[in-house]
Amino acid sequence: MAELEKVGVPTVAFVARSFEKDWQASARVFGVKTLPWATAQRPFVGLDAEDIYPLVDAAFDMVVKRLTQPMAQEAEQQAARPAEVIAVEGEDRYAALEQMNRMFIDQGWGDGFPLWAPTRERVDAMLRGTKRAPTQTVAVLAPGKGIATVEKIAANAVMAGCQPEHLPVLIAVVEAISDPRFMMRNVAMSTGAHAPMMLLSGPIVEKLGINTGRCALGPGAPSAVNTVLGRAVRLIYMNLGHAYPGHMDLDTLGSPTKYSMCLGENMDANPWDPFHVEKGFRREDSVVTMFTTYALSEVEDNYGTTPPAILSTTALSACNAGVKSVGYWLCGWRADPDARVSVKDKHLLIVCPVHAAVYKKTGWSKQAIRDYLYKHARMPFAQLIAKTEAAAFRKSHPHLQWLWDSPQTLIPILETADCFEIMVAGGMGGRSTYSYGAGEPVSQLIEQ
Amino acid sequence: MTLHVLNPVALKVEEKGSSAPRLPRLEGKHIGLYWNFKAGGDAALRRAGELLQARYAGLTTKLYTGSIGGSNHFLTKDDAKRISGECAGMVGSTAD
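Protein chains in written order, with the numbering used here: chain A, 1 to 448; chain B, 1001 to 1096.
By construction, these hints were calculated from the structure, which means they are not laboratory data.
Where hints are given, some of them may not hold.
With the Cβ distance kept under 7 Å, some of the chain A side facing chain B (calculated, not the full set) [stated by the list, open to error]:
1) L4
2) P70
3) R93
Think about it this way: if two alpha-carbon atoms lie no more than 30 Å apart in a straight line, the pair counts; the simulated BS3-like pairs of lysine-lysine are [what the hints assert, rightly or not]:
4) A:K65 x B:K1077
5) B:K1081 x B:K1038
6) A:K360 x A:K145
7) B:K1062 x A:K6
8) B:K1016 x A:K6
Facing chain A, according to a computed beta carbon distance under 10 Å, are these residues of chain B, among others [stated by the list, open to error]:
9) M1001
10) L1052
11) I1083
All of these numbers come straight from a predicted model, not from anything done at the bench.
Quick reminder that beta carbons are idealized off the backbone N, C-alpha and C, glycines included.
Using the sequences plus the hints, can you model the full thing?
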């Protein structure tokens, strides 16, 4: 709607009352200070037409008014931006730190856990982890178009508990998530709980002490580095991307996966090329790959001793129609209208060492696994289309409309075999993990 | 004791744009109805179109969707330019 206003078309949009603040914030980001809206008392989702019509009737006079009369200046006043250096008082250092934590939470700058203080000295120490200038802009980060400078990344790294040697990883993360293929605006703002997952591969894994084995996704001492890196990513989403809960992050429920998710590739158990080599990097490179995940599902199989046995269980885990990206391809591709980029949804299978050993023993390649999952992770069209907008399916796949007459036809949950990403991590147990992704993972070289 | 800490929040790129001039009247106008495929939006726009046509003589409507996307179809800048040549105004159901 902002783009239409910019080219001279007066607009008005229905906005549910609970989304009004976000609408105003988004309008400012998209360049129209007062983007007109008419309030609907609740969202239209989950309602039949007979329940939607009264909502429209009640808002109709406002629709007319917004099309015909200029809207008053935005009702919501933006709070003044706090100073770049903030003085926090306390009786002693501990009291001042507690006060800083209260203030940062009040401002919305924290994840809810205690934060380390981003003092000048600590941030300067963090900055010694990179050769880049503190003022360098690494990216303009969606959804809020925050200017992610090296220094701002460093400040958030300090708050998360990171060390200077972690900073190059976080700089690469910002580069990855600002890639249009990552669909940051879409995944950060959605009502779905899209959680960032960091996968590290290459020499950096050992160098930083990233946990690749038992309990790699945490919590606890073995994953201490994983934890603070993932936590820093969450703070970056909020303080650099301006995706704050309830304000450009409109999750319905949220998810504990959004606090911190970071793991390294288990090369001791990996029978294939390193993940980053598969992505076109050199073996000696260190690479971070950023995924977005809706949810994780266990793939428990302690009995399968052949790839088809294990992958049959995996396919059952994959066929979870309640997850948005299962069968999403039927209604089209995820898209960024500004960059005009469209991508397929991809899922990630995290293979545990016990299962990896079966693939190694039998000589199964990653491609063979992908092909198997593509052929066996299928569901009836009727089940996949039930939660999908039929109009979007008609627009995106006019050649597949015959499926309405054959509703039991088995449809792959992902569009092509290459939509299944695979890597190895975890300890010794017959438990792989299936991650339902959203959009395209993006791999980024970490500067050493 | 005073603890000095850095503000961790990034400055924003501020786009400078303004709203379009409003329509002096709606009679006889062609009004677009933009649906991004969010559930229920089509019904809301259908009703809005009915109400507009009932109240304003000669008003016509047309349903639009964006050209790219999946469960949310988005308008691109090119879409917006094309629509600006067709519609006097637009009613949207784009969010929740």
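How the hints compare with the structure:
{"no.": "1", "hint": "L4", "result": "5 Å, holds"}
{"no.": "2", "hint": "P70", "result": "6 Å, holds"}
{"no.": "3", "hint": "R93", "result": "6 Å, holds"}
{"no.": "4", "hint": "A:K65 x B:K1077", "result": "26 Å, holds"}
{"no.": "5", "hint": "B:K1081 x B:K1038", "result": "23 Å, holds"}
{"no.": "6", "hint": "A:K360 x A:K145", "result": "45 Å, violated"}
{"no.": "7", "hint": "B:K1062 x A:K6", "result": "20 Å, holds"}
{"no.": "8", "hint": "B:K1016 x A:K6", "result": "10 Å, holds"}
{"no.": "9", "hint": "M1001", "result": "5 Å, holds"}
{"no.": "10", "hint": "L1052", "result": "8 Å, holds"}
{"no.": "11", "hint": "I1083", "result": "7 Å, holds"}
Hint 6 from the earlier list is the only one contradicted by this structure; the remaining hints agree with it.
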